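*Asks:* These protein sequences, in sequence, are chains L and V.
Numbering-wise (my numbering), the first sequence opens with residue 1 and increments by one.
Numbering-wise (my numbering), the second sequence opens with residue 345 and increments by one.
Derived by calculation from the structure, the hints in this document are not laboratory data.
Every value quoted in this text rests on a predicted model; they were computed, and no experiment measured them.
For every residue, glycine included, the Cβ atom is placed at its ideal position computed from N, Cα and C.
Warning: the hint list may mix true and false statements.
Some residues of chain L that are not near chain V, with every Cβ distance over 10 Å (derived) [unchecked claim]: (1) L19; (2) W138; (3) P217.
Under 8 Å between C-beta atoms, here's a sample of chain V residues computed to sit facing chain L [unchecked claim]: (4) T368; (5) L369; (6) M372; (7) F414; (8) M419.
Label-pair restraints from in silico Cβ distances [stated by the list, open to error]: (9) L:V281 x V:A488: 52 to 58 Å; (10) V:L531 x L:F195: 37 to 43 Å; (11) L:I17 x V:R524: 52 to 58 Å.
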Amino acid sequence: MPDWMTDLSVWLRVGEILLGAMVILLPLLAVVAYYTYAERKVVGFMQMRLGPSRVGPRGLFQPIADVLKLLTKEVVLPAQANRGLFLLAPLAALVPALGAWAVVPFDDGLWLANIDAGLLYVLALTSLGAYGIIIAGWASNSKYALLGAMRQAAQVVSYEIAMGFALVGVLMLSGSLNLAAIVQAQSGGILDWFFLPLLPLLLVYLVSGVAETNRLPFDVVEGESELVAGFHVEYSGSAFAVFFLAEYSAMILISALTAILFFGGWLSPFEGTQLAQAVPVLDSGIHWWLLKTAFFMFCFLWFRATFPRYRYDQIMRLGWKVFIPVTLIWIFVLGAARYAGYTG
Amino acid sequence: MAFQTLLFYLFGTVLLAAATAAVTLRNMVHAALSLILSFFTAAMLWMLLEAEFLSILLVLVYIGAVLVLFLFVVMMVERHTPTIHRRRNYRIVASAVAAVMVAELGMALLAPDFSPTAQPLPAPLEYSNTKALGSVLYTDYALAFEAAAVALLVAIVGAIALTLRVRPDHHRQNPARQSRVRKQDRLRLTDGRSEPPC
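Produce the complete structure using the sequences and hints provided.
*Replies:* Next comes the structure, spelled out in structure tokens:
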């Protein structure tokens with residue numbers, strides 16, 4: 001027997017990683033469930049409706065009822081569907097959306113993995129999420145699903161470029177690909193956060209994030225008025241629920257990353273002032289990260305209730321002819337500023 | 345057996361199986377997905393060599409972008425009619441290419457500084473793969489790097505020039521004009537009577 005198998009510290013480390021993953025993923029699943037409730041409530045109020053109000057006080061148990069309903073329904077396999085790929089697709093969408101959370105720093109020293117190329121890892125995993133949708137569209141043997149998947153592939157590949165370029169700006173200011181180091185590079189109070197010097201890149205990143213997760217106003221992938229429901233039109237029951245889970249955890253991930261990359265993560269806006277020293281709550285901590293993430297999660301719902309859906313050619317134009325030139329010019333400006341001695 | 349060795353053989357087996365599947369499967373979508381699996385496993389092998397930057401980049405660029413487009417094209421091919429033409433002259437060319445590749449691999453394996461039991465040197469704690477690659481790429485190999493960038497640019501321009509066809513009946517959207525439209529341009533208010541009074 002090899003000696004690592006009898007080494008207790010190896011198994012303790014494995015147990016630690018598994019436990020850490022549970023501690024991150026279980027709350028995440030609960031947040032996803034109540035994010036759907038928040039979405040229906042927020043959009044409802046924005047449209048002068050009440051939203052769900054029947055199950056439990058103020059409809060608070062609605063997500064639980066929805067989950068139970070989805071789990072007890074049959075997963076229908078369409079005729080001529082590619083059975084294996086049809087069932088693999090929801091998992092292929094979910095795994096990258098959950099896996100990216102491994103490197104997210106929640107607080108100073110509070111993370112599951114602190115890898116050197118953390119930002120690249122997140123970018124790589126979010127780009128893998130496209131496969132779930134493409135495979136689903138093809139394996140369903142339905143023209144609507146296939147059309148949705150084709151739109152998704154084109155849209156995600158286009159916006160990934162703008163997203164990657166927007167992150168180059170973050171790298172140039174922080175000098176690191178490590179997410180914790182990026183947060184630490186922003187310490188010093190609200191004026192030292194990256195959102196000010198990187199304002200155009202922040203906007204590009206946020207909008208590309210909405211497009212990457214196929215949320216309104218970029219949801220031509222689902223486009224219920226043209227494509228019924230796009231790539232997941234043939235999915236039902238728990239397989240549909242997994243797609244839902246993947247989409248919402250990707251939205252939460254984009255919100256979390258926006259908070260970390262541009263708004264100082266766990267850092268307090270009052271950092272270093274006398275106020276922060278007097279009142280402990282106002283000092284840096286995980287609650288600031290939660291607050292910032294929650295704000296961007298709300299923005300996703302806000303966008304949905306505010307903007308009409310983009311036309312397909314407008315999406316392509318925005319990605320290629322507006323965002324990519326804007327990011328390239330700003331990278332050049334940042335390079336010139338760094339050369340002149342500006343350090344962010 | 346060390347844990348790394350076990351992982352190496354695991355990834356190696358998966359890589360070989362996926363690569364074999366990619367060239368033997370009849371269903372082209374399955375073949376493309378096998379190719380994706382083999383790329384991903386290759387990235388994991390690089391990770392074992394502690395080349396984490398290159399490894400993640402392989403996933404990001406090849407799997408995350410190039411193979412998405414690949415899959416995109418393969419899916420557009422008619423499903424039940426495999427379009428692989430079996431021609432003998434292809435087989436000759438393919439065998440020649442394979443022979444060259446086997447010869448090159450053999451030369452690499454027989455090289456004096458190649459050892460099947462060699463392990464990567466354990467990196468010092470402060471070592472950053474990303475930083476090391478970046479500093480080499482932008483100083484020692486800056487010219488080669490720029491030449492590669494120019495070659496890619498030429499390829500982009502060439503690809504666009506070759507595929508850009510402007511049809512005479514082409515309908516072009518002008519978003520600037522579309523968003524400049526105001527209510528007065530489209531809406532005409534009348535006095536609301538739909539029929540003449542009697």
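*Asks:* Could you run down the list of hints and mark each one as holding or not?
*Replies:* Evaluated hints:
| no. | hint | verdict |
| --- | --- | --- |
| 1 | L19 | holds, 20 Å |
| 2 | W138 | violated, 5 Å |
| 3 | P217 | holds, 14 Å |
| 4 | T368 | violated, 17 Å |
| 5 | L369 | violated, 13 Å |
| 6 | M372 | violated, 11 Å |
| 7 | F414 | violated, 10 Å |
| 8 | M419 | holds, 5 Å |
| 9 | L:V281 x V:A488: 52 to 58 Å | holds, 54 Å |
| 10 | V:L531 x L:F195: 37 to 43 Å | holds, 40 Å |
| 11 | L:I17 x V:R524: 52 to 58 Å | holds, 56 Å |
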